[in-house]
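Enquirer: Line by line, the protein sequences give chains U and V.
Sequential numbering of the first sequence, starting at 32, is according to my numbering.
Sequential numbering of the second sequence, starting at 108, is according to my numbering.
Hints are computed from structural coordinates only; laboratory data are not their basis.
Honestly, I wouldn't trust all of these hints.
Partial list, computed: chain U residues near chain V (C-beta under 8 Å) [as the list claims (entries may be wrong)]: (1) 105; (2) 126; (3) 134; (4) 135; (5) 145; (6) 223; (7) 224.
Below, computed lysine to any residue pairings styled on SDA-like, alpha-carbon distance capped at 20 Å [what the hints assert, rightly or not]: (8) U:139 - V:143; (9) V:280 - U:156; (10) U:174 - V:385; (11) U:174 - U:118; (12) U:139 - V:149; (13) U:174 - V:280; (14) U:139 - V:385; (15) U:50 - U:93; (16) V:280 - U:87; (17) U:169 - V:154; (18) U:139 - V:147; (19) U:174 - V:383; (20) U:174 - V:330; (21) U:169 - V:285; (22) U:218 - U:249; (23) U:218 - U:234; (24) U:174 - V:335; (25) U:156 - V:150; (26) U:50 - U:70; (27) U:139 - V:254; (28) U:33 - U:86; (29) V:280 - U:234; (30) U:169 - V:253; (31) U:169 - V:280; (32) V:280 - U:86; (33) U:174 - V:285; (34) V:285 - U:106; (35) U:169 - V:256.
Model, not experiment: these values are computed from the prediction.
The beta-carbon is built from N, C-alpha and C at its ideal position, and this holds for glycine as well.
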Amino acid sequence: MKTPLIEMRDISIAFGGIKAVDHVSIDLHPGEVMGLLGHNGAGKSTLIKILSGAYPRDTGKIFMDGKEIAIHNPRDAKAHGIETIYQTLALADNVDAAANLYLGRELKTAFGTLDDVAMEAECRKVMHRLNPNFRRFKEPVSKLSGGQRQSVAIARAIHFNARVLIMDEPTAALGPQETAQVGELIKQLKAEGIGIFLISHDLHDVTDLADRICVMKNGQVVGTAKVDDVTHDEILGMIIAGKCPEGAVAGPGAI
Amino acid sequence: MDKTFEIFGGGIPASWIGDTWSWILAFVVCAMIILGIINSRRQRLRFHFPLRPVWAEVFLGVVGSAVVLATTAVMNSYPWPFKLIENYAIENNITIPAGIENRDGDAICMAAEKVVRCTDGFILYTGYTVPVIIALAVGLVMMFLSTRTQFGRYVYAIGGNPEAAELAGINTKWMIVKVFALMGALVGISAVISSSRLNAATNALGLSNELYVIAATVIGGTSLAGGVGTIYGAMIGALMMQSIISGMSLLNLAAAYQNIVVGAVLVTAVYLDQLYSRRVK
């Protein structure tokens, strides 16, 4: 068996007395889309926020290519090529698209000042690929529509040679056409060998795009399965009742 | 206080750079404005971005230079007080007409049938003073810092959405420490100017100045919610606030009433800021 691109082993985090993520283990291979499913408050977002460095974990280890890596903050995660598109998008609302695209890794001129023109030029290229109708490069992103903001957030995640991409509800703010576009993008990135964690409430989205799914309930993994091995009803059973079907590998949360 | 230190205050002849140097400074600034416009145009040309029409660029350059030159002309029309000119003339062995003594014991001369001061043939202009130059230089440096450097970009990003800035990989805690350190340095500069202007200092120097500062920044378009504002806006706001305060002093308004007016301006500015940010959302 190949070494997974990312392996999270025995991850736990508690907020006060509540165990948001309870001894979860999950892995991801290159070029694979892993769908994370579960109720609101099942711990999906918390789990990926641990991977992206936003939350410090209480226990557990993270391995990349079989080697343990230390992730203490978002900078560490980015240094390892782990990029995230957050549910809230996490854009700096008062600066423009180019500034957001390069936030935290600005291009600089020979004098050490910001090279705004180069950043804008690069931003125009990237945005043209993602969203050809995008023209509002000079406006703060708070003035943009939901779909445009989303494409800025996606551009930021894929522009810097990510190896692992975490997408937390990437299509929540999008219409059907843009959702299809994101689907195309995911397939394209997958072909490039990037591993993707996809979190979505839309079961159809996940079953269409993901190779494997992992269902969480009350902070624990109910089960992991190849998408083709389980039916929609069985997945719903995992999400709602925590019942692990035969085609899936049962986790500690299964009954 | 030390004479050299007093140069920072602008109250003594040593801190006036005079009309010649003021003009030189003005022309240097004009050249910088024009070079800046040319440079930004060249940059945009390099990446094939849409350009402003040439007449607009020329217009911007002309207006910018005109403002600088006009300000300098105003600064250069303030002559030294005549007593200081007399002292200067004596120290530098410049002969001025002796004149005749009037009832107050001042020397007066006659010119074109009019009584004038004997030093009128020999005029020195104050030009820009050192504290003004310091203020402009600080403004320029801060403008550069806020718009052209990574530091400034992070400050705006953190002001707009601290959580997003942290998730984007900015060390927000360290940035906030740096912002406070910068603020301390700027307060230090203003304290130097303030104490040398007064030629005295107490440990309560600058007490309640924070009200003026907050009012000035808010008037200048800075949002109290964070992430929005400019340095030149704040400087214009400060100019306006100081104009109000100076005006009230000239009107001989009691200090208590002055404080009421400043408070009212502050409250109005904050109210308008809130109103505006609510409308934006």
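Enquirer: Next step is simple, just say for each hint if it's right about the structure.
Expert: Verification of the hints:
1. 105: It holds, given that the least Cβ distance between residue 105 (chain U) and chain V is near 5 Å, below 8 Å.
2. 126: holds, 6 Å
3. 134: At 4 Å from the nearest chain V Cβ, residue 134 (chain U) passes the 8 Å test, so the hint holds.
4. 135: Interface hint status for residue 135 (chain U): holds (4 Å vs cutoff 8 Å).
5. 145: holds, 6 Å
6. 223: violated, 23 Å
7. 224: violated, 23 Å
8. U:139 - V:143: holds, 18 Å
9. V:280 - U:156: Between residue 280 (chain V) and residue 156 (chain U) the Cα gap is close to 33 Å, so the pair fails against 20 Å, i.e. violated.
10. U:174 - V:385: Roughly 14 Å separates the two Cα atoms, so the pair holds.
11. U:174 - U:118: holds, 19 Å
12. U:139 - V:149: Within the cut-off at roughly 17 Å; holds.
13. U:174 - V:280: Violated, at roughly 28 Å.
14. U:139 - V:385: With a Cα-Cα distance of about 35 Å, the restraint between residue 139 (chain U) and residue 385 (chain V) is violated, given a limit of 20 Å.
15. U:50 - U:93: Between residue 50 (chain U) and residue 93 (chain U) the Cα gap is close to 19 Å, so the pair holds against 20 Å.
16. V:280 - U:87: Roughly 16 Å separates the two Cα atoms, so the pair holds.
17. U:169 - V:154: Within the cut-off at roughly 15 Å; holds.
18. U:139 - V:147: holds, 15 Å
19. U:174 - V:383: Given that 20 Å is the threshold and the Cα spacing comes to 15 Å, the pair holds.
20. U:174 - V:330: Holds, because 17 Å separates the two Cα atoms, which is no more than 20 Å.
21. U:169 - V:285: violated, 28 Å
22. U:218 - U:249: violated, 30 Å
23. U:218 - U:234: holds, 17 Å
24. U:174 - V:335: holds, 14 Å
25. U:156 - V:150: holds, 17 Å
26. U:50 - U:70: holds, 15 Å
27. U:139 - V:254: holds, 13 Å
28. U:33 - U:86: Violated - the C-alpha atoms of residue 86 (chain U) and residue 33 (chain U) are around 29 Å apart, more than 20 Å.
29. V:280 - U:234: violated, 39 Å
30. U:169 - V:253: Holds. Residue 169 (chain U) to residue 253 (chain V) sits at ~17 Å (cutoff 20 Å).
31. U:169 - V:280: violated, 28 Å
32. V:280 - U:86: This hinted pair holds, its Cα atoms lying about 15 Å apart.
33. U:174 - V:285: Cα-Cα ~29 Å, so violated.
34. V:285 - U:106: holds, 19 Å
35. U:169 - V:256: holds, 18 Å
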